[in-house]
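Protein sequences appear in the order of chains D, E and C. Using the working numbering, the letters of the first sequence correspond one by one to residues 4 to 325. Using the working numbering, the letters of the second sequence correspond one by one to residues 4 to 325. Using the working numbering, the letters of the third sequence correspond one by one to residues 4 to 325.
FYI, nobody ran anything at the bench for these hints, they're computed from the structure. No experiment lies behind these values; they were computed from the predicted model shown. You may find that some hints are simply not true.
Chain copies aren't distinguished; within one or between two, either way the pair holds.
Capping the alpha-carbon separation at 27 Å, the derived lysine-lysine pairs in DSS-like fashion look like this [said to hold, decoys possible]:
{"id": "1", "residue 1": "Lys54", "residue 2": "Lys287"}
{"id": "2", "residue 1": "Lys287", "residue 2": "Lys319"}
{"id": "3", "residue 1": "Lys294", "residue 2": "Lys54"}
{"id": "4", "residue 1": "Lys294", "residue 2": "Lys319"}
{"id": "5", "residue 1": "Lys287", "residue 2": "Lys316"}
{"id": "6", "residue 1": "Lys54", "residue 2": "Lys161"}
{"id": "7", "residue 1": "Lys287", "residue 2": "Lys125"}
{"id": "8", "residue 1": "Lys188", "residue 2": "Lys161"}
{"id": "9", "residue 1": "Lys54", "residue 2": "Lys188"}
{"id": "10", "residue 1": "Lys125", "residue 2": "Lys161"}
{"id": "11", "residue 1": "Lys188", "residue 2": "Lys294"}
{"id": "12", "residue 1": "Lys125", "residue 2": "Lys188"}
{"id": "13", "residue 1": "Lys294", "residue 2": "Lys125"}
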Amino acid sequence: MLLSQVASALDLTYSGNDIDISGMNTLDDADSSQLSFITEERYLTSLQQTKAAAVLVTQALAPSVPASTRALVCDDPALSMAYASALFAPPYVDVDDPAPVIGEGSVVDPRANLENGVTVGKGCTIMAGAYLGSNVSVGDGTVVLPNATIYRDCVIGKQCRIHGGTTIGADGFGYSHTQTGEHVKIYQNGNVIIEDDVEIGSNCSVDRAVFASTCIRRGTKIDNNVHIGHNCDIGEDSILVAQVGVGGSTSLGRNCVVSGQTAFTDHLEIAPFSTFTARSGVTKSITESGKIWSGYPLMEHRQWARLQSRLAKLAKERTHRG
Amino acid sequence: MLLSQVASALDLTYSGNDIDISGMNTLDDADSSQLSFITEERYLTSLQQTKAAAVLVTQALAPSVPASTRALVCDDPALSMAYASALFAPPYVDVDDPAPVIGEGSVVDPRANLENGVTVGKGCTIMAGAYLGSNVSVGDGTVVLPNATIYRDCVIGKQCRIHGGTTIGADGFGYSHTQTGEHVKIYQNGNVIIEDDVEIGSNCSVDRAVFASTCIRRGTKIDNNVHIGHNCDIGEDSILVAQVGVGGSTSLGRNCVVSGQTAFTDHLEIAPFSTFTARSGVTKSITESGKIWSGYPLMEHRQWARLQSRLAKLAKERTHRG
Amino acid sequence: MLLSQVASALDLTYSGNDIDISGMNTLDDADSSQLSFITEERYLTSLQQTKAAAVLVTQALAPSVPASTRALVCDDPALSMAYASALFAPPYVDVDDPAPVIGEGSVVDPRANLENGVTVGKGCTIMAGAYLGSNVSVGDGTVVLPNATIYRDCVIGKQCRIHGGTTIGADGFGYSHTQTGEHVKIYQNGNVIIEDDVEIGSNCSVDRAVFASTCIRRGTKIDNNVHIGHNCDIGEDSILVAQVGVGGSTSLGRNCVVSGQTAFTDHLEIAPFSTFTARSGVTKSITESGKIWSGYPLMEHRQWARLQSRLAKLAKERTHRG
Chain D
4 MLLSQVASAL
14 DLTYSGNDID
24 ISGMNTLDDA
34 DSSQLSFITE
44 ERYLTSLQQT
54 KAAAVLVTQA
64 LAPSVPASTR
74 ALVCDDPALS
84 MAYASALFAP
94 PYVDVDDPAP
104 VIGEGSVVDP
114 RANLENGVTV
124 GKGCTIMAGA
134 YLGSNVSVGD
144 GTVVLPNATI
154 YRDCVIGKQC
164 RIHGGTTIGA
174 DGFGYSHTQT
184 GEHVKIYQNG
194 NVIIEDDVEI
204 GSNCSVDRAV
214 FASTCIRRGT
224 KIDNNVHIGH
234 NCDIGEDSIL
244 VAQVGVGGST
254 SLGRNCVVSG
264 QTAFTDHLEI
274 APFSTFTARS
284 GVTKSITESG
294 KIWSGYPLME
304 HRQWARLQSR
314 LAKLAKERTH
324 RG
Chain E
4 MLLSQVASAL
14 DLTYSGNDID
24 ISGMNTLDDA
34 DSSQLSFITE
44 ERYLTSLQQT
54 KAAAVLVTQA
64 LAPSVPASTR
74 ALVCDDPALS
84 MAYASALFAP
94 PYVDVDDPAP
104 VIGEGSVVDP
114 RANLENGVTV
124 GKGCTIMAGA
134 YLGSNVSVGD
144 GTVVLPNATI
154 YRDCVIGKQC
164 RIHGGTTIGA
174 DGFGYSHTQT
184 GEHVKIYQNG
194 NVIIEDDVEI
204 GSNCSVDRAV
214 FASTCIRRGT
224 KIDNNVHIGH
234 NCDIGEDSIL
244 VAQVGVGGST
254 SLGRNCVVSG
264 QTAFTDHLEI
274 APFSTFTARS
284 GVTKSITESG
294 KIWSGYPLME
304 HRQWARLQSR
314 LAKLAKERTH
324 RG
Chain C
4 MLLSQVASAL
14 DLTYSGNDID
24 ISGMNTLDDA
34 DSSQLSFITE
44 ERYLTSLQQT
54 KAAAVLVTQA
64 LAPSVPASTR
74 ALVCDDPALS
84 MAYASALFAP
94 PYVDVDDPAP
104 VIGEGSVVDP
114 RANLENGVTV
124 GKGCTIMAGA
134 YLGSNVSVGD
144 GTVVLPNATI
154 YRDCVIGKQC
164 RIHGGTTIGA
174 DGFGYSHTQT
184 GEHVKIYQNG
194 NVIIEDDVEI
204 GSNCSVDRAV
214 FASTCIRRGT
224 KIDNNVHIGH
234 NCDIGEDSIL
244 VAQVGVGGST
254 SLGRNCVVSG
264 QTAFTDHLEI
274 APFSTFTARS
284 GVTKSITESG
294 KIWSGYPLME
304 HRQWARLQSR
314 LAKLAKERTH
324 RG
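Same shape as in the complex, but just chain D (with noise of 0.2 Å):
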């Protein structure tokens, strides 16, 4: 799609010299052809050393953008940026994509649900109910177990298993916001990778990438009804158990370990070879490896353990100290 046919969509005007835009990506993944945008001023760096194509911006940092880059001036880009990532969304399905290429060896029951594009590897097992969205991959050896969903674009790597009812490659949760409060969807146009020797549990959510992807690295075991946002990297070899939740971007190095209902905020680094008891609440990058956190908000967990001893104490206390 040309630039000038995506200021026409998007009614704003342009009058720089054409290109023909392939997709979307931030500042600083986008290359030569794509599309990006800056909705906040601490960007100006990337802004400034970015390789977009073109970027929407407002009139009042369009000077910063780089002479290779053209300027999409408009009133607010995080908004103009939701409603042009419409325009490079992919069809549901790829009707016109080759049937599906089953490897040797693997049994795919013909009551799953492939579209056209998929490749499925030697000696896997795809079960009845379970779904293949278009180019999805699936490497040798992996299970795919009943009503398991796998959107479009997807790939699993080899000796993966993923349970009856979990969804991999849903939309990730992302809008722009009116000025009078309406939520604009951001189209997610990325994918979930999966790397090989990963377990899935049932009824779980991995989100796709809403640029790129969403990685589970290689080895990594999660439970069930966890939740994966979008963009997430997950380490080699990580353990997730039942009910825990991880937000958008958030990445976690190799080897963690955490336990059940533990949450993450959006936009996380953790260092490898962490730990984190049960339920903990993380809301803050950790660069210290090989460390056990627990709480909420979180705390070592050998300052927890102290802290709880001494609640409990408050708690059965019959008159109150203060």
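Fit chains E and C to the given chain D structure using the hints.
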């Protein structure tokens, strides 16, 4: 079903004039063809003002039944009400309904499972493995993703998106209890109404109402693994982040923002423009709008932040002051 | 499979007399045809009393293996046990089983997905998109709603209701760990038994046992998005409200009431008639029945309420006492 037949099915004696009963409802909402019930004396005013055709009532409260309403006397109205609810439960499927009606430009995957009586608007996408029960109606432009489940009689608005693994309209969690501790199902004979421009993520549960409707209002966006109990009313343009739970009959005003893992008990009324930080626990109604809340028990965010900083200090102290 | 073949598959040396091994089990429950294992020295008494055909055991503990049991010596019995479990995993589907047997008056939607070996009782309703795995049996009058998933070998009682999106019998979350931090799957070769009159809401996960059975006892009612780990035993007529999580091998006595978002760690024993208020966190067994519990760490509800009122006071104080 005649009132005398209801009485007979419940092993109750009824000798008044007969009437055809069309269904059940609360004292306040019952019309002159419906059966109601009074389970606690505090609903006496509602009893005195009910328009119901008949009321399940104890001998003690029978004299307060208005003249136009029939008294169906029983020992335990809550229990009799549960047994009666089974009599009015519709079948799981209305096999004799007309074939589904699909609007212009809609793509209904032949592997989607539609019951008779379904109406799909224009420009919709209903994907493989999605289930639309008897009499479900889906508005123009709505997308139902693979393996989403919409039970009978539910109404989905225009431009909605219901993601994979989500269940709309399953039975609300309602039981009466015998004196020996068994639970008797209260059939959930209402439905769910989802207004326009609502998006619901994957693996969510939105329960159908016991009577009338559970409502999700226009423009509201719901993340993954969220639970909405029966008879809830979620206001316009609200945001419910992942793993939130809302107890039965709780209503939220418009533009509420509910962060992840927050929970509401049942029968609350939450003022519009209320914000809840992550993992809030809400057990009381909120009448003042526009505030930010945190913690469990709930308090204003500022207070909660102050409390947490004091507790963090307490956790760090080597010797306890007390 | 012969014990010598098991040894060879695990790269272990075994030179004793051979025996046909029928499966695996714990030291306490193994019969004289089963293979067991001892992972920690504290199970020494169980080892000395086991009836197992053979035991995976370290060289150090081998002398304690009883005379009637064969010692299969290995460096890391937990790891060898995980590898051995794969040898006894049944196939995902028993394709050669007889066609499903459907009882009188049952309605099985032709769009439901039943494997061979399934038995459905009388008067059941199995709806479109529901999955019943090999050898699943469903008792009289039970309803399986659309897109519910019941894995192979699970047993559902009479008059049960399993709602949409719920997964019964997915693999429990069990792994052994290598010295380099990788997780090796312990195949979950048990099943789930759901007794009569149980209702399970939407998007719940009830995991199959590693050995033997996960049990949900007669009359218990489970709300939405609840997680029940492997080998749990949930007592009769209990109530589990939405988003509750129960860790593996935890058992609840009869008539427990568990409010929303409450969680139990694994291997607990909870006395009958215990009540837990919302979001309790239970990490220790409860021996005294009939009490009301709250908070995390857990305490008696009265104490918790007192503590919270003191904390609320602390939150409101303008200047800190300390």
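Here is how each hint holds up against the structure:
1. Lys54 <-> Lys287: The answer is neither: 30 Å in one copy and 52 Å across copies each exceed 27 Å.
2. Lys287 <-> Lys319: Result: close only across copies, 18 Å inter versus 32 Å intra.
3. Lys294 <-> Lys54: neither (39 Å within a copy, 42 Å between copies)
4. Lys294 <-> Lys319: between (31 Å within a copy, 17 Å between copies)
5. Lys287 <-> Lys316: Only across copies: lysine 287 and lysine 316 sit 18 Å apart there, 29 Å inside one copy, limit 27 Å.
6. Lys54 <-> Lys161: The answer is neither: 35 Å in one copy and 39 Å across copies each exceed 27 Å.
7. Lys287 <-> Lys125: Answer is neither: 42 Å inside a copy and 46 Å across each miss the 27 Å cutoff.
8. Lys188 <-> Lys161: between (33 Å within a copy, 15 Å between copies)
9. Lys54 <-> Lys188: within (25 Å within a copy, 45 Å between copies)
10. Lys125 <-> Lys161: within (9 Å within a copy, 41 Å between copies)
11. Lys188 <-> Lys294: between (38 Å within a copy, 25 Å between copies)
12. Lys125 <-> Lys188: Answer is between: at 20 Å across copies they meet the 27 Å cutoff, but 38 Å inside does not.
13. Lys294 <-> Lys125: neither (40 Å within a copy, 55 Å between copies)
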